[in-house]
Structures are given as structure tokens and as C-alpha cells.
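Everything in the sequence shown is counted per the numbering used here, starting at 1 for the first residue and increasing by one.
Hints in this document: simulated from the structure, not taken from any laboratory.
Beta carbons are placed, not taken as given, at the ideal position from N, Cα and C, and that holds for glycine.
Please note: incorrect hints may appear among the correct ones.
[Stated by the list, open to error] Between beta-carbon pairs, the in silico distance windows are:
hint : residue 1 : residue 2 : range
1    : L413      : A24       : 55 to 61 angstroms
2    : F226      : D344      : 22 to 28 angstroms
3    : Y223      : A17       : 42 to 48 angstroms
[As the list claims (entries may be wrong)] Derived DMTMM-like pairs: lysine to aspartate or glutamate, alpha-carbon spacing no greater than 20 angstroms straight-line:
hint : residue 1 : residue 2
4    : K414      : E210
5    : K60       : D139
6    : K414      : E129
7    : K60       : E162
8    : K414      : D349
9    : K60       : E27
10   : K157      : D139
11   : K60       : D117
12   : K60       : E164
13   : K157      : D90
14   : K157      : D146
15   : K414      : E215
16   : K414      : D128
17   : K60       : D244
18   : K157      : D192
19   : K414      : E214
20   : K60       : E39
21   : K414      : D212
22   : K60       : D93
23   : K60       : D72
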Amino acid sequence: MPLSSPHAPRIYPETDASAQEIAAFVEFAHVVDVAGWLEQLSRPDASQRLLALQRAQRAKVFGNMSLDAQVDLARLMTMPDLAGIVTQMDADDRVDLFNRLTPEEQQQLMGQLAREDRDDIRQLSAHDEGSAGALMTSDYAVLGSDMTAVEAISELKRQAPETETIYRSYILDEQRRLIGSIQLHRLVLAADTALIGDLMEANPVSVPLEADREEVAHLIARYDLFALPVVDAQGVLLGIVTHDDASDALQAEMTEDFQKISTVLPFSQSMRDASIRVLYSRRIVWLALLVFGNLFSGAGIAYFEETILAYVSLVFFLPLLIDSSGNAGAQSATLMVRALATGDVAMRDWRDLIGRELLIAAALGATMALVVFPIGIWRGGADVALVVGLTMVLVVIIGSLVGMSLPFLLSRLKLDPATASGPLVTTISDAVGVMIYFSIATMVLSL
Numbered sequence: 001m002p003l004s005s006p007h008a009p010r011i012y013p014e015t016d017a018s019a020q021e022i023a024a025f026v027e028f029a030h031v032v033d034v035a036g037w038l039e040q041l042s043r044p045d046a047s048q049r050l051l052a053l054q055r056a057q058r059a060k061v062f063g064n065m066s067l068d069a070q071v072d073l074a075r076l077m078t079m080p081d082l083a084g085i086v087t088q089m090d091a092d093d094r095v096d097l098f099n100r101l102t103p104e105e106q107q108q109l110m111g112q113l114a115r116e117d118r119d120d121i122r123q124l125s126a127h128d129e130g131s132a133g134a135l136m137t138s139d140y141a142v143l144g145s146d147m148t149a150v151e152a153i154s155e156l157k158r159q160a161p162e163t164e165t166i167y168r169s170y171i172l173d174e175q176r177r178l179i180g181s182i183q184l185h186r187l188v189l190a191a192d193t194a195l196i197g198d199l200m201e202a203n204p205v206s207v208p209l210e211a212d213r214e215e216v217a218h219l220i221a222r223y224d225l226f227a228l229p230v231v232d233a234q235g236v237l238l239g240i241v242t243h244d245d246a247s248d249a250l251q252a253e254m255t256e257d258f259q260k261i262s263t264v265l266p267f268s269q270s271m272r273d274a275s276i277r278v279l280y281s282r283r284i285v286w287l288a289l290l291v292f293g294n295l296f297s298g299a300g301i302a303y304f305e306e307t308i309l310a311y312v313s314l315v316f317f318l319p320l321l322i323d324s325s326g327n328a329g330a331q332s333a334t335l336m337v338r339a340l341a342t343g344d345v346a347m348r349d350w351r352d353l354i355g356r357e358l359l360i361a362a363a364l365g366a367t368m369a370l371v372v373f374p375i376g377i378w379r380g381g382a383d384v385a386l387v388v389g390l391t392m393v394l395v396v397i398i399g400s401l402v403g404m405s406l407p408f409l410l411s412r413l414k415l416d417p418a419t420a421s422g423p424l425v426t427t428i429s430d431a432v433g434v435m436i437y438f439s440i441a442t443m444v445l446s447l
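Construct all of the structure, not just a fragment, from the sequences and the given hints.
Right, dumping it as C-alpha cells:
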């Protein structure tokens, strides 16, 4: 059975495999699996084996490796070898690699490339990271509206070697403004003499250069597109973003959001390749800041020291109560961050959602209060149970409202709402929970 079968496990050659076994693997395996195998090897060994591949196969394998691995291997190759691979890579992939090289390495590489390739790289690398312009490729198929179906198919055969996809072609006017698009299967089924202008889908969905990569991915998913055109202010077609590149961008966006939710400063390297220095520097900033946030909880405890000394049993319930507040807040924040990211909710929905969240949080708090009330009676009597029950209701309500409101507030301030989740919400909820708990205890127990 061929190693490229989708049902076959990804079994890479052993380190002591014979030359014949490796040759058989490289011949039959999918380029993605060959790329995965090379990434398991040491970088010098991977570079040597990559260059041993047939010239046409090198760029395909290299393009399916992680960007970190590509950069490492690029620095082990001679510039002529690297230029040979870069020339055959997809336009958007080679720009991603180019942007990760040092200015000196970029200059050396440019000196080895043809003028057309240099101009293409300069144009694509000029766009902001994370924008549609940075994701797009200039390798797309173009047809004229006055062509017949048979002429269009002949033209696509001519363009196919230089384009990333011919499944959808784009129709431009004399000023290269996008006026329509057409799918390949419609061309194949059309009468030979049918005009493209009559067959095309007019006014296709498109995005401007500065559109965010998350918006691009959502549009491709919403309209079930294979590729999304990118146009300038005058409607001139500049490139397309394919669904696989949009998927990669969305995955990168989600990874960044998860990092922010955990209050980790975003980093682009994989966990395996990231250095100790990078991981430390990305994690220490928020951890250090949250230490000062936790000081408010300590200050609250110190302020109510007399109450605590008089009713030591209150300490037993302190972790339970503040953790419940933080957990409720983290739940609300996570749900709201995801809803904002997917477009399920917008800023105008805040008032409606705050009222609904208040009712839900009150129900949650009351249910949790009923759970802890018997424990309060057992540990400190009816008075302590009343304090614990009232506090549970209030801290869950406040934690939930804080968790739901912070993402909206950060969005209003043009900040990433993902930062509101996890430790940040928990820290705020903890400090507020301590103050509420001992304030209620002081009022109730003093009576």
C-alpha cells in the first residue's frame, strides 16, 4: 500500500534506515509526510536530504515544513540552492520566509533571484503582518469577459503552471478591475461558443488590502469560497487569499488568542522550537503584573483582621468563595471573547447581554449557595452559613458581570478582548470577593 494513502499511519524511516528504504519512502510518500520526516531530523541532516531530492520536489517539500524549520534550513544552504527553491515556491509562502530573514540575508537572496520574482516579493512583503495583503498570493488565473468557453479553457491550460489554483478564475476589465469570477466546472460544462461575460458571477465577494486575517477567514467560511480576491480602493485585483492560507491564518489567530487568554504575550514559534528565553520573557510580564493585583486581596484580608480573629471559621470558606467568583468570571469572559471573535455578538448587544447575564449569574450563585449552606452550618453555625450563602450569591454575580463586561470594554478601547480572560478576570474577582465576604461577615456577625 502506498505510504501516501490517507488511511496509512505516518510512519517515518528509522534513523538507521537503509538508503533503499529512505528512497522508497521519498518516492511514495506524500510531500507533507516527507516534510514531516525531515523536521524530525537534525537541521544539518534535513538540509542535506532536502537538497538530495529532485529539483521539482524540493520546493513542494520545503513549503510544507514549518516556518521555523524553513528559516533554519535556509541558513544552512548556499544562496544559489536557496534561490532555486524560493523561485519555485508559492508566492505567499516565499514571502513569509523572506520576512523572517535578516536584512543582510534578504539582500543576498534578492541578488540570486530573477527580476520578476524580486518585484513580486517586494510588493507582497510591503503589507502589514496579519492583513489580507500579507496573506495573498499573486499567482491567480485571469480571463477576459469577451472570451468563449473553449478559448478560456485553452487560456487556463497556458496559465496553469504559473498559478496556485485554476478552480476559480477572475475576470477583469481594461483597468484590471475585478468584475466577475467563474468556476472551472462551469467552463467545462458550458457550450464552446458561450461568452465568459454571460457565464461569470458578477461582483464577487472581495476584501481590501488592509482587512484583518480573521475577517478574511470568516468570509471564506461564510461564503464557502475556495479563494477570496483582494482589491485596492479602485477595485483593481491585487491577489487572492486561498482557503488553506486563510485556515493557517485563522489557526495562528486562535493560537494567539489562547496565549492572550492565559496572559502570555504572543510568540510565533512553536512550543518545541521556542527558546527558554522566549518562553520566559512572554510569561513573566503578566505574572509580575498580576502579583500586584493580588496585593489588593491581601490588603482586604489585613483590613478585616479583627473579624477574622474573632471568627476563625471564616478562613475555611475563603478559598471556596473567591475561587467560585474567579471561575464564574472566567467562564463568562471565555464565552464572550469567543462570541466577539466569531461575530456572534457586537458592542450594541452589551445592554441586552448584561441583563441576561445578571439573571443567569443570580441563579448560579443561588444554586451554589444552597450547596455550601449546610457546610457553613456544620463549620460555624447558622450565622456563618448565612454569611457564606449571601457572599456566594454576590461574588458569583459580580465575577460573572466582570467577566462578561471586560471583553466589551477592551473592544471599545481598541484592545484585544482575549486579554480579559483567565488570570486577569480571576485576579479582579478575587480582590472584590475578599472585600464582599468580610464586609458581609462584619455586618452580619456584629449583629
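Status of each hint after checking the structure:
1. Checked against the given bound of 55 to 61 angstroms, the beta carbons of L413 and A24, roughly 58 angstroms apart, stay inside it.
2. Distance hint check for F226 and D344: the Cβ-Cβ separation is about 25 angstroms, which falls inside the suggested range of 22 to 28 angstroms.
3. For Y223 and A17, the hinted distance range of 42 to 48 angstroms is satisfied, since their beta carbons lie about 46 angstroms from each other.
4. Of the supplied pair hints, the one linking K414 and E210 holds, its CA atoms being roughly 16 angstroms apart against a limit of 20 angstroms.
5. With a C-alpha separation of about 16 angstroms, the suggested pairing of K60 with D139 holds against the 20 angstroms cut-off.
6. Note on K414 and E129: the hinted pairing holds, with a Cα-Cα distance of about 18 angstroms set against a maximum of 20 angstroms.
7. For the proposed pair K60 and E162, the alpha carbon gap of about 14 angstroms is at most 20 angstroms, so the pair holds.
8. Between K414 and D349, the direct Cα distance comes to roughly 17 angstroms. Compliance with the 20 angstroms bound is thereby established for this hinted pair.
9. Between the alpha carbons of K60 and E27 the distance comes to roughly 13 angstroms, so the proposed pair stays at or under 20 angstroms and holds.
10. With a C-alpha separation of about 14 angstroms, the suggested pair K157 and D139 falls inside the 20 angstroms cut-off, and the hint holds.
11. For the hint linking K60 to D117, the alpha-carbon distance of about 17 angstroms falls within 20 angstroms, and the restraint holds.
12. Under the criterion of a C-alpha separation no larger than 20 angstroms, the hint pairing K60 with E164 is consistent with the structure, at around 12 angstroms.
13. Between the alpha carbons of K157 and D90 the distance comes to roughly 18 angstroms, so the proposed pair stays at or under 20 angstroms and holds.
14. For a cut-off of 20 angstroms, the pair hint linking K157 to D146 stands: about 18 angstroms separates their Cα positions.
15. Restraint check for K414 and E215: the C-alpha separation of about 16 angstroms stays at or below 20 angstroms, so the hint holds.
16. In summary, the hint linking K414 to D128 is supported, as the alpha carbons are separated by about 18 angstroms, within the 20 angstroms threshold.
17. For the given pair, K60 sits about 15 angstroms from D244 by alpha-carbon distance, which is consistent with the 20 angstroms threshold.
18. A distance of roughly 16 angstroms separates the Cα atoms of K157 and D192; the hinted pair therefore holds under the 20 angstroms criterion.
19. Distance check on the hinted pair: K414 and E214 sit about 16 angstroms apart at the alpha-carbon level, within 20 angstroms; holds.
20. Note on K60 and E39: the hinted pairing holds, with a Cα-Cα distance of about 14 angstroms set against a maximum of 20 angstroms.
21. Proposed proximity of K414 and D212 is supported: the alpha carbons are some 14 angstroms apart, at most 20 angstroms.
22. Between K60 and D93 the alpha-carbon distance is near 11 angstroms, which keeps this suggested pair within the 20 angstroms criterion.
23. Simply put, K60 and D72 have alpha-carbon atoms about 17 angstroms apart, close enough for the 20 angstroms limit, and the pair holds.
Of the hints listed earlier, there is not a single one the structure fails to meet.
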